[in-house]
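Each protein sequence line maps, in turn, to chains A and B.
Under the numbering used here, the first residue of the first sequence carries the number 762, and numbering increases by one thereafter.
Under the numbering used here, the first residue of the second sequence carries the number 11, and numbering increases by one thereafter.
Calculated from the structure, these hints are not laboratory results.
Hints may be right or wrong, so weigh each one.
[What the hints assert, rightly or not] Computed spacing ranges between beta-carbons, pair by pair: (1) B:E69 to A:L841: 34 to 42 Å; (2) B:T67 to A:L812: 35 to 43 Å; (3) A:L812 to B:L84: 26 to 34 Å; (4) A:T867 to B:F49: 36 to 44 Å; (5) A:H837 to B:K65: 24 to 32 Å.
Treat the numbers as computed from the prediction; the structure is a model and nothing was measured.
Where is the CB? At the ideal position from N, CA and C, for every residue including glycine.
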Amino acid sequence: DAKTTQPNSMESNEEEPVHLPCNHSTISGTDYIHWYRQLPSQGPEYVIHGLTSNVNNRMASLAIAEDRKSSTLILHRATLRDAAVYYCILRAGANNLFFGTGTRLTVIP
Amino acid sequence: GAVVSQHPSWVICKSGTSVKIECRSLDFQATTMFWYRQFPKQSLMLMATSNEGSKATYEQGVEKDKFLINHASLTLSTLTVTSAHPEDSSFYICSARETSGDPYNEQFFGPGTRLTVL
Numbered sequence: 762d763a764k765t766t767q768p769n770s771m772e773s774n775e776e777e778p779v780h781l782p783c784n785h786s787t788i789s790g791t792d793y794i795h796w797y798r799q800l801p802s803q804g805p806e807y808v809i810h811g812l813t814s815n816v817n818n819r820m821a822s823l824a825i826a827e828d829r830k831s832s833t834l835i836l837h838r839a840t841l842r843d844a845a846v847y848y849c850i851l852r853a854g855a856n857n858l859f860f861g862t863g864t865r866l867t868v869i870p
Numbered sequence: 011g012a013v014v015s016q017h018p019s020w021v022i023c024k025s026g027t028s029v030k031i032e033c034r035s036l037d038f039q040a041t042t043m044f045w046y047r048q049f050p051k052q053s054l055m056l057m058a059t060s061n062e063g064s065k066a067t068y069e070q071g072v073e074k075d076k077f078l079i080n081h082a083s084l085t086l087s088t089l090t091v092t093s094a095h096p097e098d099s100s101f102y103i104c105s106a107r108e109t110s111g112d113p114y115n116e117q118f119f120g121p122g123t124r125l126t127v128l
């Protein structure tokens with residue numbers, strides 16, 4: 762599976778937008794970009810996924826670079842409940858999810 | 011969204027005993043379920059893929075005789091940690107993929123089971 766690179770940690774002020782970057786320079790044409798997050802002592806939660814076009818849902822937006830070698834998860838207004846570890850995962854079709862180290866997001870009140 | 015439950019949420023056992031963890035998809039059918047393990051301050055590691063009615067597929071380095079997986083129905087998979095030892099203490103998380111759904115879509119995760127082996 763192609764590898765992703767994320768910053769270990771990021772901070773954001775409450776009520777402000779957060780941009781979580783992910784590099785995946787070795788992405789292949791069939792890889793979907795998935796984002797999950799894990800709150801403390803809980804199982805991961807699906808956030809969003811996309812292939813080529815930018816995607817929006819009620820939780821977040823996913824901006825995918827034109828060459829697909831990077832993507833950015835955008836939380837439009839961070840709340841304290843958004844404090845979690847965010848995982849960017851490349852998934853080849855219907856294959857399994859393999860988690861990297863993720864980005865630990867701290868939201869400052 | 012679809013709900014996956016796990017039972018128990020936490021368990022403490024003595025070294026040498028076996029522990030069974032259940033994973034259920036509550037409102038959907040799941041042909042495929044997955045078992046992960048997570049040590050403190052580390053990421054999730056996929057242990058095995060469980061397919062209803064067939065043998066599980068284990069990831070490299072995971073002992074299939076130690077971590078027994080049974081997926082006897084479309085809504086239930088079980089993981090049994092046999093002869094547990096302190097090094098098996100971890101957070102075990104299952105996930106499921108909806109049978110009728112788009113396989114490219116999301117996986118639904120359970121809340122996890124914290125196992126402590128004394």
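Consistency of the hints with the structure:
Between E69 (chain B) and L841 (chain A) the CB atoms are about 35 Å apart, so this pair conforms to the stated range of 34 to 42 Å. About 26 Å separates the C-beta atoms of T67 (chain B) and L812 (chain A), a value inconsistent with the hinted range of 35 to 43 Å. A beta carbon spacing of about 28 Å between L812 (chain A) and L84 (chain B) agrees with the range 26 to 34 Å that was offered as a hint. Between T867 (chain A) and F49 (chain B) the beta carbon distance is about 22 Å. The supplied range of 36 to 44 Å is therefore violated.
At about 45 Å, the beta-carbon gap between H837 (chain A) and K65 (chain B) misses the expected band of 24 to 32 Å.
Consistency with the previously given hints fails for numbers 2, 4 and 5, ordered from lowest to highest.
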